[in-house]
Amino acid sequence: MPLALLREGLKRERTPWRIIPPTPPLKSAYDVVIVGGGGHGLAAAYYLAKEHGITDIAVLEKSYLGSGGTGRNTAIVRSNYLTPEGVRFYDASMKLWRSLSNDLGINVMYTPRGHLTLAHTDATIRTSRWRAEVNKHLGVESELIFRDEIARICPQIDLSLDVRYPVLGALYHPPGAIAHHDTVAWGYAMRAAQRGAEIHQGTEVTGFDVNGERVTHVHTNRGTVRANRVLMAVAGNSSSVARMVDLLLPIKTVPLQACVSEPLKPVLDAIVVSASLHVYISQTARGEFVMGGATDPYGLYSTRSTLDFPETLFAEMIELFPFLHNVRMMRQWAGLSDITPDFSPVMGLTPLRNFYIDAGWGTWGFKATPISGWTMAECVATGEQPELIEAFRLDRFERFALVGERGAASVGH
Amino acid sequence: MKIMNCPLNGSRNITEFICAGDVRAAETDGGDAALARSIYLEENLAGVVYEWWMHVPSAYWFVAQRDTRTDTILRTLSVEAFEALQAAS
Chain B
1 MPLALLREGL KRERTPWRII PPTPPLKSAY DVVIVGGGGH GLAAAYYLAK EHGITDIAVL
61 EKSYLGSGGT GRNTAIVRSN YLTPEGVRFY DASMKLWRSL SNDLGINVMY TPRGHLTLAH
121 TDATIRTSRW RAEVNKHLGV ESELIFRDEI ARICPQIDLS LDVRYPVLGA LYHPPGAIAH
181 HDTVAWGYAM RAAQRGAEIH QGTEVTGFDV NGERVTHVHT NRGTVRANRV LMAVAGNSSS
241 VARMVDLLLP IKTVPLQACV SEPLKPVLDA IVVSASLHVY ISQTARGEFV MGGATDPYGL
301 YSTRSTLDFP ETLFAEMIEL FPFLHNVRMM RQWAGLSDIT PDFSPVMGLT PLRNFYIDAG
361 WGTWGFKATP ISGWTMAECV ATGEQPELIE AFRLDRFERF ALVGERGAAS VGH
Chain D
1 MKIMNCPLNG SRNITEFICA GDVRAAETDG GDAALARSIY LEENLAGVVY EWWMHVPSAY
61 WFVAQRDTRT DTILRTLSVE AFEALQAAS
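Quick mapping for you: the protein sequence lines, in order, are chains B and D. Read the first sequence against the numbering used here and you will find it ends at 413, with the numbers running on by one and no gaps. Read the second sequence against the numbering used here and you will find it ends at 89, with the numbers running on by one and no gaps.
Hints listed in this document are in silico derivations from the structure and should not be mistaken for laboratory results. Fair warning: there could be bad hints in the mix.
Okay, the calculated bits of chain B under chain D, using three or more residues with CB under 8 Å as the criterion [stated by the list, open to error]:
hint, region
1, 25 to 34
2, 186 to 199
3, 242 to 254
Which residues of chain D face chain B? A few of them, derived with a C-beta cut under 8 Å, are [as the list claims (entries may be wrong)]:
hint, residue
4, 6
5, 15
6, 37
7, 42
8, 71
9, 82
Where a beta carbon is used, it is the ideal one built from N, C-alpha and C, also for glycine.
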């Protein structure tokens, strides 16, 4: 490696290795067109190629890869949800996460840290016990713990009782992990491209031609292509893209803001969440604290930052971690969350026979990247709804068969 | 802080208000599927929308016109003013 570095460094003309091939010209037709080059769309392309042998794929991304929710989330991975449908689904994702770096041949920095969801009220203790029991029943490591054990696992938390919201207990989920979100998108893109999928960055979808119950063509700013099947995975812009095929979705687009501090030496191992205080925090491998709060209080398509966000976030955060009081904030940003009424995703078949949807990822999409790619690839390849995502069908709302996922973070319940 | 102009209380911090979604016609034609659609489906438009808002401390309901692409409040209207506007158009 050092020799190669020296050799390459001294070359007058050298072409750096590109993880993602340059955008090729658009062909006139593809078997599968995937709208959206985020983690979900790229994972679907990868699993379509790897598991189903479908390689005539175009992934269309209007900006750069991972420029939406994939690069804006706080990179937490866990499966301690509340509904059996949710727990089963996210736990299947955890199984893929564990071997993802090996599978993709790129280090996604998946790091189990242990995940604490703090409870400050009796009601939260009750929900935590409920979640722990559902989790354990389905084989997910999860336990309701109390103050003594919290002090042992995460001594950094201020557990004193003379604060506004004393910590009474916590839902402890040892497999809770963090990963490097951009690398996940790059890894899937790299391997999907190697198997033949085309990745088109800077390619914005502007409309679809629909004939009866089928989408026939996809219009883009770089020309029109014929498509045998279409998968949309565009998160915050789901309603806008679905409207192009006259579909109305049960989705509201709301910004979610987050920030990072200046880097510090490693002091915080666990991932700590408090739903009552609307805060969550973890320390990255390079020492920055990644922090987030609740979604913004009204719908919006702008990724502007507000002052309200750090103001309310730090008021609560410093109560929990007083040592952060003189740590400076380095960056603040926002991403667009596509929130559903029941905090579960909308996946699979639509009223159009060759148009598949992967949306409604709100504040819970990153952890689902591998399994949503896996199940959506199966759905597109077979034309049938996979069993694991049966409960997340778009038509569940017409049947009042909602999957009320109160284990979702960053949203008021 | 972001300011919203309440038709009753004047300019206030937007944290004093809640947004209750798009102004739209109530579902009246019956049928479960139609009811479900009216409850759950959203226009979720990236553009100019009319929405119900309420000033929480005074429980005053009104209509705001907003651009959801830019986070701009274009104008706020009392219910009477909004109905007059609808009748005129």
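Worksheet item: So which hints don't hold here, by number, going up?
Response: Result: hints 1, 2, 4 and 9 break, sorted rising.
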